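Trainee: Produce the complete structure using the sequences and hints provided.
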Amino acid sequence: MIAIGELAPAFELPDTDGDAQALLTPAVVIFTCNHCPYALAWHDRLMEVARDYADVHFYAINPNDAERYPRDSFEAMQERVRRDEGWPMPYLRDETQEVARSYGARTTPDVFVVDSPGALRYRGAPDADHQDPSQGASWLREALDSVLAGEEVARPETDPVGCSVKWK
Amino acid sequence: MTVELLWWDGCPSHPETLADLERILREEGIAAELRRVEIESDEQARREQFPGSPTIRIDGEDVFPHEEGEPYSLTCRIYHLRDGRVSPTPDPEDLREALRRVAA
Chain A
1 MIAIGELAPA
11 FELPDTDGDA
21 QALLTPAVVI
31 FTCNHCPYAL
41 AWHDRLMEVA
51 RDYADVHFYA
61 INPNDAERYP
71 RDSFEAMQER
81 VRRDEGWPMP
91 YLRDETQEVA
101 RSYGARTTPD
111 VFVVDSPGAL
121 RYRGAPDADH
131 QDPSQGASWL
141 REALDSVLAG
151 EEVARPETDP
161 VGCSVKWK
Chain B
1 MTVELLWWDG
11 CPSHPETLAD
21 LERILREEGI
31 AAELRRVEIE
41 SDEQARREQF
51 PGSPTIRIDG
61 EDVFPHEEGE
71 PYSLTCRIYH
81 LRDGRVSPTP
91 DPEDLREALR
101 RVAA
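Residue numbers (the working numbering), protein chains in the order written: chain A, 1 to 168; chain B, 1 to 104.
If you're looking for bench data, these hints aren't it; they were derived computationally from the structure. Nothing here was measured: the structure is a model prediction, and the numbers come from that model. Honestly, I wouldn't trust all of these hints.
[What the hints assert, rightly or not] With a Cα cut of at most 20 Å, we get these calculated SDA-like pairs of lysine to any residue:
(1) A:168 x A:101
(2) A:168 x A:74
(3) A:168 x B:9
(4) A:168 x B:10
(5) A:168 x B:72
(6) A:168 x B:43
(7) A:168 x A:95
(8) A:168 x A:98
(9) A:168 x B:71
(10) A:168 x B:46
(11) A:168 x B:73
(12) A:168 x A:83
[Claimed, not checked] Some chain B residues judged to face chain A by a derived CB distance under 10 Å, without partners named:
(13) 9
(14) 13
(15) 15
(16) 64
(17) 75
Every residue, glycine too, gets a C-beta built ideally from N, C-alpha and C.
Mentor: What follows is the structure, given as structure tokens:
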């Protein structure tokens with residue numbers, strides 16, 4: 001588990017095409033999944049942020065135990081991306097859950113912003129209300145704007161809200 | 001009438017649903033026994049036929065029929081609001097309609 005200001009753990013995980021994706025910075029790392037209504041409610045807002053910040057590397061990571069939650073299997077992830085005709089970020093499988101553990105991910109979604117030198121600068125929810133699309137992932141956008149401007153993040157940490165990560 | 005709210009602690013949506021149920025029962029003047037049932041294991045989820053948190057039953061009947069073949073497990077349940085948005089809680093107006101229907 002990492003604290004704000006500490007170096008974000010590097011990772012290399014397979015995307016839905018089976019290609020390995022390694023952490024590049026600046027980055028947004030989003031722990032998410034297929035079966036959680038909170039992750040689904042925030043999904044479009046997070047995809048929109050990825051489209052709006054083309055110079056930032058975005059990663060969606062599914063760490064859930066697919067044996068107990070088959071809707072989070074690698075095949076189900078592939079099917080979802082295919083059905084959506086692609087995502088603006090790779091959807092990665094964290095089969096061993098080591099990456100989720102190293103970040104201290106608690107819920108889906110749980111969002112982490114990493115600056116260019118690799119330090120964690122924001123962790124928490126995308127915005128204040130999963131039910132309100134007009135929030136537009138504003139907490140994440142504020143953090144990104146500060147990081148890209150070389151400024152302090154005014155609100156570096158919020159409580160992640162969502163379904164608990166399904167540990168093995 | 002007995003209203004059961006089945007919930008699992010790994011999903012933070014049940015307090016909102018409990019508040020919705022209490023408010024709607026009060027507003028509609030429906031006398032009902034409101035029972036909270038915590039689901040704590042996959043085995044209990046299977047035994048209780050619990051498709052996810054929160055699940056609401058009126059006189060033993062699930063208010064929102066779930067998909068055939070859906071596994072019973074410790075998970076958050078997916079609902080859709082009347083405007084189509086995905087939600088971890090049911091639309092309060094759907095709850096109100098179901099309670100009215102049974103109370104009539």
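Trainee: Would you check the hint for residue 168 (chain A) and residue 73 (chain B), treating anything up to 20 Å between C-alpha atoms as holding?
Mentor: Holds, at roughly 14 Å.
Trainee: Could you grab the alpha-carbon distance between residue 168 (chain A) and residue 9 (chain B) and see if it respects the 20 Å cut-off?
Mentor: holds, 17 Å
Trainee: Under the criterion that the straight-line Cα-Cα distance not exceed 20 Å, is the pair residue 168 (chain A), residue 43 (chain B) satisfied?
Mentor: Roughly 16 Å between the alpha carbons, so the hint for residue 168 (chain A) and residue 43 (chain B) holds.
Trainee: May I ask you to test the interface hint for residue 13 (chain B) with respect to chain A, counting a Cβ-Cβ separation under 10 Å as satisfied?
Mentor: holds, 8 Å
Trainee: Does residue 75 (chain B) pass the interface check with chain A, least Cβ-Cβ distance below 10 Å?
Mentor: holds, 6 Å
Trainee: Mind checking the CB of residue 9 (chain B) against every CB in chain A and telling me if the closest is under 10 Å?
Mentor: With Cβ-Cβ at 9 Å, under 10 Å, it holds.
Trainee: Would you mind confirming whether the straight-line C-alpha gap from residue 168 (chain A) to residue 83 (chain A) stays at or under 20 Å?
Mentor: violated, 28 Å
Trainee: Starting from residue 168 (chain A), check that the Cα of residue 101 (chain A) is at most 20 Å away, please.
Mentor: holds, 12 Å
Trainee: Can the restraint linking residue 168 (chain A) and residue 71 (chain B) be considered satisfied, given a maximum Cα separation of 20 Å?
Mentor: holds, 17 Å
Trainee: CA of residue 168 (chain A) to CA of residue 98 (chain A), is that 20 Å or under?
Mentor: holds, 11 Å
Trainee: Within a Cα-Cα threshold of 20 Å, do residue 168 (chain A) and residue 72 (chain B) meet the stated pairing?
Mentor: holds, 17 Å
Trainee: Taking 20 Å as the top limit, are the C-alpha atoms of residue 168 (chain A) and residue 46 (chain B) close enough?
Mentor: Roughly 19 Å between the alpha carbons, so the hint for residue 168 (chain A) and residue 46 (chain B) holds.
This entry does not satisfy hints 12, 15 and 16, going by the numbered hints stated previously.
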